[in-house]
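Q: For reference, the chains in residue letters:
Number of protein chains: 2
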Amino acid sequence: MPDYHAPIEDMRFVLNELAGLQDIAQMPGFEEATPDVVDAILDEAGKLAGEVLAPLNHIGDRQGCVLENGVVRTPEGFKDAYRQYVQSGWNALPFEPEFGGQGLPWVVAQAIQEMWNSANMSFALCPLLNVGAVELLQVHGSPDQQATYLPKMVSGEWTGTMNLTEPQAGSDVGAAKTRAVKDGEAYRITGQKIYITYGEHDFTDNIVHMVLARTPDAPAGTKGISLFIVPKYLPKEDGSAGERNDLRCVSIEHKLGINASPTCTMAYGDNGGAVGFLVGEENRGIEYMFTMMNNARLSVGVQGVAIAERAYQQALAYARERVQGRPVDGSSKQAVPIIRHPDVRRTLMTMRARTEAARALAYVTAGALDHARRHPDEAVRRDHQINRLELLTPVVKAWCTDLGCEVASQGMQVHGGMGFIEETGAAQHYRDARITPIYEGTNGIQAMDLIGRKVLRRKAEPVRDLTADMKQTVERLRGANGEDLPALGAGLKEAVETVEKATDWLMEAEARDPAEPGAGAAPYLDMLGGVTAGWLMARGAEAAARRLAENGVGDQRFLRAKIVTARYYADNLLPHALASANSAMKGSKGVLALDEDAF
Amino acid sequence: MPDYHAPIEDMRFVLNELAGLQDIAQMPGFEEATPDVVDAILDEAGKLAGEVLAPLNHIGDRQGCVLENGVVRTPEGFKDAYRQYVQSGWNALPFEPEFGGQGLPWVVAQAIQEMWNSANMSFALCPLLNVGAVELLQVHGSPDQQATYLPKMVSGEWTGTMNLTEPQAGSDVGAAKTRAVKDGEAYRITGQKIYITYGEHDFTDNIVHMVLARTPDAPAGTKGISLFIVPKYLPKEDGSAGERNDLRCVSIEHKLGINASPTCTMAYGDNGGAVGFLVGEENRGIEYMFTMMNNARLSVGVQGVAIAERAYQQALAYARERVQGRPVDGSSKQAVPIIRHPDVRRTLMTMRARTEAARALAYVTAGALDHARRHPDEAVRRDHQINRLELLTPVVKAWCTDLGCEVASQGMQVHGGMGFIEETGAAQHYRDARITPIYEGTNGIQAMDLIGRKVLRRKAEPVRDLTADMKQTVERLRGANGEDLPALGAGLKEAVETVEKATDWLMEAEARDPAEPGAGAAPYLDMLGGVTAGWLMARGAEAAARRLAENGVGDQRFLRAKIVTARYYADNLLPHALASANSAMKGSKGVLALDEDAF
Chain L
16 MPDYHAPIED MRFVLNELAG LQDIAQMPGF EEATPDVVDA ILDEAGKLAG EVLAPLNHIG
76 DRQGCVLENG VVRTPEGFKD AYRQYVQSGW NALPFEPEFG GQGLPWVVAQ AIQEMWNSAN
136 MSFALCPLLN VGAVELLQVH GSPDQQATYL PKMVSGEWTG TMNLTEPQAG SDVGAAKTRA
196 VKDGEAYRIT GQKIYITYGE HDFTDNIVHM VLARTPDAPA GTKGISLFIV PKYLPKEDGS
256 AGERNDLRCV SIEHKLGINA SPTCTMAYGD NGGAVGFLVG EENRGIEYMF TMMNNARLSV
316 GVQGVAIAER AYQQALAYAR ERVQGRPVDG SSKQAVPIIR HPDVRRTLMT MRARTEAARA
376 LAYVTAGALD HARRHPDEAV RRDHQINRLE LLTPVVKAWC TDLGCEVASQ GMQVHGGMGF
436 IEETGAAQHY RDARITPIYE GTNGIQAMDL IGRKVLRRKA EPVRDLTADM KQTVERLRGA
496 NGEDLPALGA GLKEAVETVE KATDWLMEAE ARDPAEPGAG AAPYLDMLGG VTAGWLMARG
556 AEAAARRLAE NGVGDQRFLR AKIVTARYYA DNLLPHALAS ANSAMKGSKG VLALDEDAF
Chain Y
16 MPDYHAPIED MRFVLNELAG LQDIAQMPGF EEATPDVVDA ILDEAGKLAG EVLAPLNHIG
76 DRQGCVLENG VVRTPEGFKD AYRQYVQSGW NALPFEPEFG GQGLPWVVAQ AIQEMWNSAN
136 MSFALCPLLN VGAVELLQVH GSPDQQATYL PKMVSGEWTG TMNLTEPQAG SDVGAAKTRA
196 VKDGEAYRIT GQKIYITYGE HDFTDNIVHM VLARTPDAPA GTKGISLFIV PKYLPKEDGS
256 AGERNDLRCV SIEHKLGINA SPTCTMAYGD NGGAVGFLVG EENRGIEYMF TMMNNARLSV
316 GVQGVAIAER AYQQALAYAR ERVQGRPVDG SSKQAVPIIR HPDVRRTLMT MRARTEAARA
376 LAYVTAGALD HARRHPDEAV RRDHQINRLE LLTPVVKAWC TDLGCEVASQ GMQVHGGMGF
436 IEETGAAQHY RDARITPIYE GTNGIQAMDL IGRKVLRRKA EPVRDLTADM KQTVERLRGA
496 NGEDLPALGA GLKEAVETVE KATDWLMEAE ARDPAEPGAG AAPYLDMLGG VTAGWLMARG
556 AEAAARRLAE NGVGDQRFLR AKIVTARYYA DNLLPHALAS ANSAMKGSKG VLALDEDAF
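Line order of the protein sequences matches chains L and Y.
Numbering of the first sequence is given in this note's numbering, commencing with residue 16 and proceeding in unit increments.
Numbering of the second sequence is given in this note's numbering, commencing with residue 16 and proceeding in unit increments.
Do not rely on the hints blindly, as some may be mistaken.
The list treats identical chains as one, so a pair stands whether inside a single copy or across any two.
[To be verified] Below 30 angstroms or equal to it, Euclidean Cα-Cα: the simulated DSS-like pairs (lysine-lysine) are:
1) 62 to 192
2) 474 to 94
3) 192 to 348
4) 474 to 348
5) 604 to 197
6) 601 to 192
Read the hints as simulated data drawn from the structure, not as lab findings.
Predicted model, so just to flag it, every value in this text is computed and none were measured.
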């Protein structure tokens, strides 16, 4: 299998030039995140990712997990890798220091999550789900619950899971039927949950399930869902894992990808009821879930970036090494590496530009999360919360994951016939990536969230705030020297105007017919993702040009490549974002024009 | 597994209204292909596909093939299905009557190939490759060779394979090293071939390999390749399979998809040399290969249509059945089937419009093949050969297969979490489809073929001939009554102008820099495919409107749906074809702007 090398120079560029890491490092609680510390952390994480996790990726895919007598055996090497990961303190990175966390900014944590996911997405899913559980308890757990669970879940000694889905309750979480009946201080939980990532595994002594369930007299729908802690082993007084709880993994799924991560069907209460502890108040479970949703959705978006990066690295290595065909320009009588063929080069440039664009979009949104949580000024916090974090989270989740699938597919294509052979490894990325547009809210759900809660309900103010920022960039670029920056400015100007037109259309469509905005939601999201990422690429080019002009600040070749790639994005990929806007505006009426029974 | 129902009404509509079946049926040799006969054939093929082949699709994927001691065992039921397929005479359908074929038009054969491939792509690959071998022998085989091999390969008693690829000779077939040394009347063949579809199997008593090899003093490159018949068993005087030849399958690949079709590494001559019989003359093997290339590439394009159709049917069935979430327009307090949600509806409409568009493009090109071969007027034959068949074959191959992958991916998405579970079957289509942009010339190779041989070398005359036809449609549509046809005309007008602009750009780019057209080849192809298919959709709408006006000719609902779907395509999908044109024209310079070592 080809190696994975964490793209640290790219990451640092985005963190510093686009995502505002310097500003974030000034905020209360982030004083530790100096440039030196962040550099050292990125380097060390890159080593673990490249040397320990990446070599297990293909083995994990081949071996998958095995369920025997309720026990899940993860693939060879995974348990030991998890031990190393925990011992080096990686699990604690982004969490609150009061529970043993290192309190680093989320934007740094997301960069490191990208590494874990590039190296080994199946492995990375275990910590990713644990983050959600920790976030829930950090905010909504009682002091006792926090003291009992958080130190172990922060360190990684125990892992947390999220139990939402049931066969009849997928996108509609409110349709959950799992029952919770009060029994003294605790509750008895009975029911079945499906698609539980790392619901059972052999990494740790205990697993802490966060379970959505319904008390007997709860209101129907989402307003009758409560949240419970249901540990696999009930903690003893001394904090260690004690008596086995009444829950078990009854099956694991045979999936298209992420084979090394066990996707479990969990049965609760087959023998009288699993013991569960209510988090917060009854019937507020969905509300609590939303507190961790932004972060979890961001993380899944980062998985899209991660798979794109891995697929790009592998395709690039192959394109340099595979010798086939003579060059069209007659520059050689001999066959050359396929990277010299213009069509292959286009594929690689597209993969590269897409990956960089998605990374910029994801990290900038993660930076908004840090601003929204930690900026000393409440108005700034609110601005970042509403106009950036909440607006862009569904965009990051959907746009970056669709992109991850496309880039993984392009990576296969660069390999030709070899790409279709499983031993090559390119096909694994294609299979693994495909879950990301589905889980943590399908990309269709993201699009509905974007247009409904984030645009229409707020009368489009967050989008207008975003386009106002873009227009400032346009002005600067149009007045810049040289050919590239003004060209980027001209392309961006058209793009911003298109976002404004499409947003006006959205408001008018809603007034006309409540179903019409939903019919245009997906292309609207695609447009907003494509334009916002294009804006960030242009800002990256601007920063690179500035540093080049300052002569000697950074690697010249690296900085020039940033400008070339931004220009490639603007000329080759941005047109499709604008086509999506056209599709939303011209085509949404046609979505519902065919009667249901005429299909 | 959900059923497959051959979309016979759709197929008939395209055959009759767009692909010119009535005209083709008038040509010499096709007198049998009356509407009644074609209808009966489509019905019967639909039954075999739906009742016999489709139920084996998932079993075949799960079981795969097994190689033991050089013998390949196909999955349960496949051998028997092949027997039924041969006994009913399906294999002989498109071949020349003088060798036992039924001599039906290719356009009908491609419709039926669509059925086999929708039902079971792994199965269908065996006959598909055999077609190539038969076509080669029909045109280039000696009378003796024809008499020995063709009757059995036409009936399906024996199967044929294509042996082109070697590890160092993929897209560059001319780099083949397999040796052929003259030995009396025959040759001794030594070498290894990879990716040989159905290179070994248990369907038949004998397998006839068509092998590219190089004689000792042959010129380097493509001009030194000869073509040989290398049968697994050497035919005896009485025509039956005799002595075992010196060739064997040494391994089968572990692939992403099409698991039921054995992809073999074939070793020739491990014990002194396999006996091979030269086809035609030495060093003309590549030239001969081209005689069957158009048809084989068309067939792979049809596989894209086929997978799209199957994925659409499965997603539609699921969307009708899966109940989840209340409707946005408040029309129900209860959860409804997800087909009622606008975003899901958009996905289904996109799948539907894409599938119909791809079918139209593929069948029309197959119709051009029949015209090019059988039309009594030589000028008409030449016109169809050059301006339609040769121009559009790479477009069908690449555009329809990319589309097949995208539609299969959308089909998974409609299933949500279920889509990622292998038992559902949606993921199999996604995996199976992914080979089609790779084999029979990667889609990058198709794009280079299009711009190089089909556009630039012919000074763009075939494209101008095509756009001239499109403009006639534009004129008719713009003068039509109602809202839809004129709107289609306006959309098509812009699209045709874009094709003309992009073609001018291509000519200028070549004059400027020989590498630049190649850098824009892929988006140019995407544009030409998208616009040509959009033109055919608009012509379909025109035909439907005419039949609706004639009152009572055909199913009203079906005909109205054709207009709605054409409009959907024009408003939602055509913008992306135009964006691809922009990407080619604006962005191709940027493809090579980054130095190779700056990647």
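Q: Hint by hint, where does the structure go against what was stated? Just the numbers, ascending.
A: Checked against the structure, the hints that fail are numbers 1, 2, 5, 6, while the rest are satisfied.
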